[in-house]
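S.K.: The primary structure of each chain is shown beneath.
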Amino acid sequence: MRKKSYKAWLEGDIAFRGFTYLAALSLVGVVLAILWVLVEKSQLTFTKFGPGFALGSRWDPVHGVFGALPLVYGTVVSSLIALAIALPLSLGIAIYLTQLAPHWLRGPVSFLVELLAAIPSVVYGLWGVFVLVPWVRSSVEPVLGSALGFLPLFRGAPYGFGMLAAGIILAIMITPTISAVSREVLLAVPRSQQEAMLALGATRWETIRMVVLPYGRSGILGAAILGLGRALGETMAVTMVIGNRPQISPSLFELAQTIASIIANEFSEAFNDLHLSALVAAGFILFVITLLLHVMARLLVWRVARVPQGVTRE
Amino acid sequence: MRIRRNQRRRIVDRIMGVLSVLATVVALIPLASILIYVSAKGLSAINWDFFTKLPKPVGEPGGGMANAIVGTMILVGLASAMGIPLGILAGIYLAEFGRGRLAWTVRFICDVMTGIPSIIVGIAVYGTIVVAMKRYSAIAGGVALAIIMLPLVTRTTEEMLKLVPNSLREASLALGAPQWRTVVSVVLRSAAGGIITGVMLAVARIAGETAPLLFTALSSRYWHTGLDQRIASLPVYIYTYATTPYEDLHRLAWGAALVLLALVLVTSMAARVAGRRASGGNRG
Chain D
32 MRKKSYKAWL EGDIAFRGFT YLAALSLVGV VLAILWVLVE KSQLTFTKFG PGFALGSRWD
92 PVHGVFGALP LVYGTVVSSL IALAIALPLS LGIAIYLTQL APHWLRGPVS FLVELLAAIP
152 SVVYGLWGVF VLVPWVRSSV EPVLGSALGF LPLFRGAPYG FGMLAAGIIL AIMITPTISA
212 VSREVLLAVP RSQQEAMLAL GATRWETIRM VVLPYGRSGI LGAAILGLGR ALGETMAVTM
272 VIGNRPQISP SLFELAQTIA SIIANEFSEA FNDLHLSALV AAGFILFVIT LLLHVMARLL
332 VWRVARVPQG VTRE
Chain R
3 MRIRRNQRRR IVDRIMGVLS VLATVVALIP LASILIYVSA KGLSAINWDF FTKLPKPVGE
63 PGGGMANAIV GTMILVGLAS AMGIPLGILA GIYLAEFGRG RLAWTVRFIC DVMTGIPSII
123 VGIAVYGTIV VAMKRYSAIA GGVALAIIML PLVTRTTEEM LKLVPNSLRE ASLALGAPQW
183 RTVVSVVLRS AAGGIITGVM LAVARIAGET APLLFTALSS RYWHTGLDQR IASLPVYIYT
243 YATTPYEDLH RLAWGAALVL LALVLVTSMA ARVAGRRASG GNRG
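Keeping their order, the protein sequence lines are chains D and R.
In our numbering, each number is its position in the first sequence, counted from 1, plus 31.
In our numbering, each number is its position in the second sequence, counted from 1, plus 2.
By construction, these hints were calculated from the structure, which means they are not laboratory data.
We treat Cβ as the ideally placed atom computed from N, Cα and C, and that holds for glycine.
Heads up, a few of these hints could be off.
[Claimed, not checked] In silico lysine-lysine, DSS-like type, Cα no more than 30 Å apart, as pairs: (1) R:Lys43 <-> R:Lys55; (2) D:Lys79 <-> R:Lys136; (3) D:Lys38 <-> R:Lys164.
[To be verified] Simulated coverage check for chain D against chain R, where a stretch passes if three residues somewhere in it have a Cβ under 8 Å from a Cβ of chain R: (4) 67-80; (5) 243-256; (6) 317-330.
[Unchecked claim] Here are some of the chain D residues that sit facing chain R, going by a computed Cβ distance under 7 Å: (7) Val59; (8) Ile112; (9) Ile116; (10) Leu120; (11) Ala149; (12) Pro151; (13) Val153; (14) Val154; (15) Leu157; (16) Trp158; (17) Ile203; (18) Trp236; (19) Ala291; (20) Ile294; (21) Gly314.
Next comes chain D alone, as it looks inside the complex (with noise of 0.2 Å):
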């Protein structure tokens, strides 16, 4: 009876171990599809193009030939505006947030904050479409062009959608990420560091920036390649704003195309299986790129977090 109830016993917990072991092989084994599909249905782009797929510049669905480099030079642009614009608003904000601010102002305004990155990607869309590009087109481009239009970056006609207009949503959309992050990064500065500075007569702006800021360098750099990487990924809003057109142009105002906006765009109306696999090697690329830089962006976050409180790095 005994002997009986203590296999129970063993058996109970064996089968339990064995659930919760196949549930986290599970995410293992979906990773490995998701690869799986990228490599397989891409197969065909690669083996037509090769590697120069990635760098052809031109993308013509109708006369089947297929190259990636608008597509990823949209990415890449977009992403870049975006993270211009963002990472001195979040570092604001962070700095604001843990050295500044009133301490019952503190919970208030990082809930607002966080509260951007709640709001889904097709709401972004839908109002960078009817409000953020109008203003873009009658306020932000006119200006620009005037103020700027020596540059080759703001010339043309000011059509609202493009580029420009890409950037701006998406650096609305990954500030909440970098400086949630930043913020983190920050209160994990020493205090003591921050009071000898302050009792050897630094200003608050001093501190912050000799002694709060260095501390935190490659957490912050951590925060701004997580938000490079959402940014890089971001279908729908992107979508919606930039115009889709794959066309490389050195102006910001041009229409352009990302990654993530083209499949969304074609992919449930390819013409033909090579139009499909383009669109698959395509995302095969963004999913590396996004990759590469996730992993960057968790071993900076993580080195800074394992720093011992009150320790000194050079």
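Starting from the structure of chain D, add chain R where the hints point.
M.R.: Leaving out everything else, chain R in the frame of chain D:
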């Protein structure tokens, strides 16, 4: 000389303070703008028909989005039915048994999965389920959303279980409870608040996802007829209606955006409240 330098330092300090406040204000302007536009334009589109009628063809007045609202619920329900149990089990593995190379790999993969663009998940589900079934279906859409949900649920579960003090586990084991019993009735129970919060946040997140549905669940103008058929959803409707040139459809898109936003925000807020209550109850 010295005094002037100090004055300059003080002015720089002041300017930087003002700039950081300005950054915060600038970041909150879009939030205010989005909330105001969506509520103002959305409210004017919403009436009884919006919640009870099917969409009408272009040009005919009226019509609603009842099928898309139901469709979103079905898709989110399907995804939750798959993603939540699997994620919680995987989280239990990582927190309770996870040592060695497999645990490290799973943790790493989990991290990587949160960074995969959702459109890529759409492609993967298309390449497996849609191709195998030879048609777009609610199931495919549900699986795509479940995949996005999975790492979020796993992560929260692991983190919350790790917060449970070991003395609780030891007490339960010392009383003769088997390990599975300890995990289910003692550990999971005391971490329930945090896990519920995390799970509801994940649900809120997938409710608004559009990209993975575009070529898995697609969309539909009719009521759903079965899980193996294509199905309408609010996010996809917002996308297709916003990109048409018709004023009437734009109005409906704003209405749908309001309903979706309310759904997502209410779920996220409820998540925080529910979590606080559940963990508060246990503490006593």
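S.K.: Confirm or reject each hint.
M.R.: Tested hints:
1. R:Lys43 <-> R:Lys55: Holds: Lys43 (chain R) and Lys55 (chain R) sit about 20 Å apart, inside 30 Å.
2. D:Lys79 <-> R:Lys136: 26 Å, holds
3. D:Lys38 <-> R:Lys164: Roughly 29 Å between the alpha carbons, so the hint for Lys38 (chain D) and Lys164 (chain R) holds.
4. 67-80: holds (count 4)
5. 243-256: Contact hint for the segment 243-256 of chain D vs chain R: violated, 0 residues under 8 Å.
6. 317-330: holds (count 8)
7. Val59: 5 Å, holds
8. Ile112: 15 Å, violated
9. Ile116: Status violated, d = 10 Å.
10. Leu120: Because about 5 Å separates Leu120 (chain D) from the closest Cβ in chain R, which is inside the 7 Å limit, the hint holds.
11. Ala149: Constraint on Ala149 (chain D) satisfied, holds at 5 Å.
12. Pro151: With Cβ-Cβ at 3 Å, under 7 Å, it holds.
13. Val153: 4 Å, holds
14. Val154: 5 Å, holds
15. Leu157: Given a least distance of 5 Å, the restraint on Leu157 (chain D) holds.
16. Trp158: Interface hint status for Trp158 (chain D): holds (5 Å vs cutoff 7 Å).
17. Ile203: 5 Å, holds
18. Trp236: 4 Å, holds
19. Ala291: 5 Å, holds
20. Ile294: 5 Å, holds
21. Gly314: 5 Å, holds
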